[in-house]
Structures are given as C-alpha cells and as structure tokens.
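K.L.:
What follows is the residue order along each chain.
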Amino acid sequence: MTNQRKGASLAKSLLNIWSWLFLFLILAFFEIYAQIETGNTFVFRVYNLQSIAVAASQILLLALGLTLVIVAGHIDLSIGFTTGLAAVVMALVIRWIGPDSGWLAVILAMGVGIFAAVIVGLVNGWLVAHLNVPSFIGTLGTYGIARGAALIVAGGATVSIRSDAARAFGNGDILGFPVPVVVAVLLSLLFHYLLTHTKFGVHVYALGASRASVERAGVDVQKLLIALFVLSAVTAGVGGLIYTGRFSAGAANAGEPILLYAVAAVFIGGASLTGGQGTVMGTVIGATIIAVIQFGLVFSGLPPYWQFVAVGLVIIVAVLVDQSKDKLTGGRT
Amino acid sequence: MSVLLEAKGLKKRFGGNEAVSDVSFTVHEGECVVLAGDNGAGKSTVIKMISGVHTPTEGQVFFNGELLTGKTPEGVRSAGIETIYQDLSLADNLDPGLNLYLGREKMRRVLGIPVLDRAAMRRDAAEVMKSLGIEVPDPAAPVRDLSGGQRQAIAIARAIHWQAKLVIMDEPTAALGVPEQREVMALIGRLKAKGVGIILISHNLPDIFAAADRIIVLARGVVGGERRPSETNDEEIVRLMMGASV
Ligand SMILES: Nc1ncnc2c1ncn2[C@@H]1O[C@H](COP(=O)(O)OP(=O)(O)OP(=O)(O)O)[C@@H](O)[C@H]1O
Ligand SMILES: [Mg+2]
Chain X
691 MTNQRKGASL
701 AKSLLNIWSW
711 LFLFLILAFF
721 EIYAQIETGN
731 TFVFRVYNLQ
741 SIAVAASQIL
751 LLALGLTLVI
761 VAGHIDLSIG
771 FTTGLAAVVM
781 ALVIRWIGPD
791 SGWLAVILAM
801 GVGIFAAVIV
811 GLVNGWLVAH
821 LNVPSFIGTL
831 GTYGIARGAA
841 LIVAGGATVS
851 IRSDAARAFG
861 NGDILGFPVP
871 VVVAVLLSLL
881 FHYLLTHTKF
891 GVHVYALGAS
901 RASVERAGVD
911 VQKLLIALFV
921 LSAVTAGVGG
931 LIYTGRFSAG
941 AANAGEPILL
951 YAVAAVFIGG
961 ASLTGGQGTV
971 MGTVIGATII
981 AVIQFGLVFS
991 GLPPYWQFVA
1001 VGLVIIVAVL
1011 VDQSKDKLTG
1021 GRT
Chain R
287 MSVLLEAKGL
297 KKRFGGNEAV
307 SDVSFTVHEG
317 ECVVLAGDNG
327 AGKSTVIKMI
337 SGVHTPTEGQ
347 VFFNGELLTG
357 KTPEGVRSAG
367 IETIYQDLSL
377 ADNLDPGLNL
387 YLGREKMRRV
397 LGIPVLDRAA
407 MRRDAAEVMK
417 SLGIEVPDPA
427 APVRDLSGGQ
437 RQAIAIARAI
447 HWQAKLVIMD
457 EPTAALGVPE
467 QREVMALIGR
477 LKAKGVGIIL
487 ISHNLPDIFA
497 AADRIIVLAR
507 GVVGGERRPS
517 ETNDEEIVRL
527 MMGASV
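If you read the sequences in order, they're chains X and R. The numbers in our numbering rise by one with no breaks, and the one at position 166 of the first sequence is 856. The numbers in our numbering rise by one with no breaks, and the one at position 116 of the second sequence is 402.
Just so you know, the hints here were simulated from the structure itself, not pulled from any lab data. Warning: the hint list may mix true and false statements.
What the hints assert, rightly or not - These stretches of chain R come out as covered by chain X in the derived footprint (C-beta under 8 angstroms, 3 or more residues):
| no. | stretch |
| --- | --- |
| 1 | 367-377 |
| 2 | 382-395 |
| 3 | 400-413 |
As the list claims (entries may be wrong) - DSS-like mimics (lysine-lysine), calculated; alpha carbons at most 27 angstroms apart, straight line:
| no. | chain 1 | residue 1 | chain 2 | residue 2 |
| --- | --- | --- | --- | --- |
| 4 | R | K451 | R | K297 |
| 5 | R | K478 | R | K294 |
| 6 | R | K357 | R | K294 |
| 7 | X | K889 | R | K392 |
| 8 | X | K913 | X | K889 |
| 9 | R | K480 | R | K392 |
| 10 | R | K357 | X | K913 |
| 11 | X | K913 | R | K392 |
| 12 | R | K451 | R | K416 |
| 13 | X | K889 | R | K416 |
| 14 | R | K451 | R | K478 |
| 15 | R | K451 | R | K357 |
No residue lacks a Cβ here, since even glycine has one placed at the ideal position from N, Cα and C.
Using the sequences and the accompanying hints, generate a full structural model.
P.N.:
In structure tokens form, the structure reads like this:
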C-alpha cells in the first residue's frame, strides 16, 4: 500500500519535470540541426535567446492571468481581443494627445488602455459569477464584443503612432534585458507569489477542486471569480500595451494569433481542463517551449506555417501526458 | 446534562409538497442523536433547517437557549454548529492543513512579505487528526490520496479545531467500505467523549444502534417515535420507519 503510493508519487514527480525535459529536447534538436546545417550555434547566440525570450513574453502576458482562471476551473477566451482593445485604446490616446507625446502622455495612455481591459474583465466576471454563465460561452461572447469594440474605435484600421516614449517602452532595455521580457518576468514573479503564497491562491486551487469547499469556508466566491477575470484581462491588456510600444501601432487583432499559444502554454505547463491544477512556473516553461518552436522553425528556414502544426502537436502530447499522469496516480484527478 | 439544541415544531413546504410537517426534538451536550427514516422522510430537510440552508416554513431552532432560526449558514457555523455533508466539502487537491484552515489560513512573514504558513497548518492538522486516533502518512500530500475514513476525519477535525459544540453528519458512512465505516463510528465515539453533541443521519441499523444515545425516527415528515437503543430493537425501528404508529 505505502510502496504503491510511493511509486505513484515518484511517477508523478517525474511527469512534472517532463516539460523541462521537453524544453531541453527541442533546444537540443535545434542546436544539432543548426550545427549540421550551418555550422553555427542556435542556443548560444544572444540574439536568438533574446528573440525567444521576447516571443515567450508575449505569450506569457496572455497566459499568466489565464493560468489562474484555468486553475480555478474556468477559461477566458476573450483575452485575445482584450489585448487588441488595450493596444488600440493606448494608440488612440497617444494619437489624440499629439505626436510629441512624452512619457506622461504614454503613461496616461497605458492607464486608459488597462482601464478598457478591466471593463472586459469585469463583464466576464459578472457573467460567470452573478449570472452563472459558463465561462467558455461567456468569454466567447466578450471575445466577439472586445473584437468589435477594438475594430470600431480603431475605425477598422491599424492605429499607427509616432511617439519616442512609446517606442522606448516597447523596444528599449533595462540592464540589457528587453522591456517586454522584464515586464513578463516581474509579472510572473508576482503571479507565482499570488498563486502559491497567498490565501487568494489557496482559494483559487480550492475553487478548481470543489466550489462547495470554498463556499463552506465562507469565502466570497463571486468576488473571487470577478478578481480572477479582472487579473486575466489586466495581463492580456499589458500584452496590448507592449504591442503598441513595439510596433508603434495598435491593432485590434494584436492578441488574436497568441490566444491559442497562451491556452497551450497553460496546458503544457501542467494545468488541467477540469481545474485545480497548474502552476505559474509550468506556464512559463510552456510559453518558452512554444517560443522556441516558433523561433526555431523560422531559424531553420521552414515556412512559418509549420509553427501552427508543431504547436498543435505539442498540445495533443501535453494532453496525453496529463491523462497518463491520472492513470499512473490511480485515476484520481 | 444541559440541553444544547432544541427544534420546535419544524415545518417545511416546497411549493405544494410538505417535506417536513411537524418535527420537534432536543440534543444534549455530549449526546448522539440519530435521525433515522426511510428515503424521503425529511431527514436532510430537517438538518438543513438547522444549518441555515433552509428557512423553516414554521417552527424555530434554539441553540444554547438562543434563537438560531434566521441565521445564515455562516452565522450558524460561527455559533458553533458544524455540518458535515456527504461530499465533505474538501478541496481534494490541497493538503490536510490547508483544508483544516481553508478560509482562515495561517500566515507568516518572510522579509516582511506575508506568505502562507503551510508548515504550521500541517502540524496543527496532524495534531488534531492524532487526537482522533488517525496518523496522516504524508501531511504534505493532497487529501485525495487519503482513505474515505481519513477524509471524514479531516472534516471532523475541522469541527473540533474550530471548537464546534454540535456536529451534524448526513450519512457519513454511506459511501464507505466496511473497515472505513468502523473508522468513522470510532471517530463519532471520540467526538462524543470530547463533550460535543452530535446529530447523525443514518439508514444503517447496526450503525444506528452502535452510535445512538437516542433514536428519533422520522416518517413522512413527522416524528414517528423516539427510543433509547436499550429499550428497542431492529424490528421496532423498521416498523416506525415504515410509518406504523406503535
Ligand atoms: N429543495 C427541495 N425542493 C423541493 N422538494 C424537496 C427539496 N428538498 C427535498 N425535497 C423533498 O422533500 C422530501 C424529503 O426529502 P429529504 O431529502 O429531506 O429526505 P431524506 O429523509 O433526507 O431522504 P434520503 O434518505 O433519501 O436522503 C422529499 O419528497 C424530497 O423530494
Ligand atoms: Mg437525505
């Protein structure tokens, strides 16, 4: 009995490190490929690592808040267009203030962009918490609304801006690290703290396991759900701000191609559709794996469309691993 | 022994259906009262009127002489009545410590930053479980790894730790195997020894006779009879459950 239990928990911890192993394997794969094809290194070039880190940051900004939502047993599909909405709103505010908008104007524009994102999060939370709309349906609805709103305020076009401060925010670096990476790392640390070291985090896990357990404990589940969807919208909104900074333009579909990657990163990182599982660290690794595949395929000169196929395959593998994990631990999720 | 809880003339109507018509009974300190009755007799409805889930259509519940009726489930709980439902309301993915403290977690500070004090919560959980005669093999493992009896013990430990004076259990052994049923019956014994009053809902005659100080039989929403285990037998209880007035 105890031996069996020990065996199961050993298998489980081995499976928990599978994503590290997977990351290592694809890095090794691209390294060997690069050495044979071009005689150059893939992994040990600062430019490559920086590109991967920036791509991973973009995915992470959508995936961080989403991780909490998924651990709580819900989903947030609206983030793709929450990112776009925040990007467009920030660009419009900068454009409205004028071409020479300095730091203050950019910070104001960011504030308004995040405010727009928070509204989407509040609507999601209200739908799920107060009207008991399943999050999949509710956030699919706000996905459409945020998309429409972003296109309407942008007049259907990309909102280009001219602002040195915004450009510096999107393309500058802090101590040699690109700003998007620094932002993603700081937010990851904050979300890791929230999920593993606070009461809020415990309640999120408990909610994912059993709503009755949290309600019985006297926790206000409706408030908890609203907080989760607002956090998810805020990180997606930050992704939009960085987009506008990087490309000196806000686009309604800024986050759309990243939505699938963000969802994939969370599941590759060990979360489960049924909730109650998942970690911020896992999501960070998941986002990095996807970024390596994205950049590695471009680096290898394959048509970029292969990345969709490759990421799709990785999602399926992640789900299969998750299932076998359940089997190994006695089928109890 | 003094009266802990008194239910007076409880009635509950759901639309046109009267689930409970007229139920009165008392529970004393350290006493185990079993509510017995056939399916649909109204047992669960009665305890939900005590725990604050349902408001009675008529009648009141008094706890330590104070009116309990009208309080929210939260209010009833902080008054000292813990209800353990069949699903136990545990978070399966968390360890016993976090389940014990869920909603009232212990914190400590690291470099001025508040963080969960998981170790202290685990220690406390292991200690309360030990007082119930249960050794938790791995205090850091999620409670889904524990047996049904041990999980029941965590729900009971929660009641003890937060100093409940009355514990209500709705069919605690229904989903368990025979050894685990014994484990739970032993837990009920230890709970009683701590002076805690118990209302136990059960279908199972051996359990009823093993645990009860008094048996209250419900039949179709009314009290069909009240007996001490020493002054009755299986047959009579079954007859009362079927609604025969003796
Ligand atoms: N929320 C409700 N709405 C309408 N009717 C209800 C509700 N809860 C219970 N009832 C009805 O009240 C009656 C008594 O139900 P109750 O659950 O109290 O019985 P019970 O004695 O606990 O039965 P069991 O042994 O099956 O658990 C049943 O006819 C049931 O259908
Ligand atoms: Mg019942």
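K.L.:
Each hint should be assessed against the structure and marked as holding or not.
P.N.:
Against the structure, the hints:
A stretch counts as covered by a chain when three or more of its residues have a beta carbon under 8 angstroms from one of that chain; for the stretch 367-377 of chain R and chain X the count is 5, and the coverage holds. Coverage of a stretch by a chain is defined here by at least three residues with a beta carbon nearer than 8 angstroms to that chain's beta carbons; for the stretch 382-395 of chain R and chain X the count is 7, and the condition holds. By the rule of at least three residues with a Cβ nearer than 8 angstroms to a Cβ of chain X, the coverage given for the stretch 400-413 of chain R holds, with 3 such residues. Distance hint between K451 (chain R) and K297 (chain R) is fulfilled; the C-alpha atoms sit about 25 angstroms from each other, no more than 27 angstroms.
Only pairs whose Cα atoms come within 27 angstroms are accepted, and K478 (chain R) paired with K294 (chain R) is accepted, the gap being roughly 24 angstroms. The suggested pairing of K357 (chain R) with K294 (chain R) holds, with an alpha-carbon distance near 16 angstroms, which does not exceed 27 angstroms. Distance hint between K889 (chain X) and K392 (chain R) is fulfilled; the C-alpha atoms sit about 9 angstroms from each other, no more than 27 angstroms. Restraint check for K913 (chain X) and K889 (chain X): satisfied, since their Cα atoms lie roughly 14 angstroms apart, inside the 27 angstroms limit.
Using a Cα cut-off of 27 angstroms, the hinted pair K480 (chain R) and K392 (chain R) holds, with the two alpha carbons roughly 25 angstroms apart. Restraint check for K357 (chain R) and K913 (chain X): the C-alpha separation of about 22 angstroms stays at or below 27 angstroms, so the hint holds. The hinted pair formed by K913 (chain X) and K392 (chain R) meets the criterion: a straight-line CA distance of about 21 angstroms does not exceed 27 angstroms. For the hint linking K451 (chain R) to K416 (chain R), the alpha-carbon distance of about 20 angstroms falls within 27 angstroms, and the restraint holds.
The hinted pair formed by K889 (chain X) and K416 (chain R) meets the criterion: a straight-line CA distance of about 26 angstroms does not exceed 27 angstroms. Simply put, K451 (chain R) and K478 (chain R) have alpha-carbon atoms about 10 angstroms apart, close enough for the 27 angstroms limit, and the pair holds. Restraint check: the Cα-Cα separation between K451 (chain R) and K357 (chain R) comes to about 17 angstroms, which is no more than 27 angstroms; the hinted pair holds.
Checked against the numbered hints above, the structure violates none of them.
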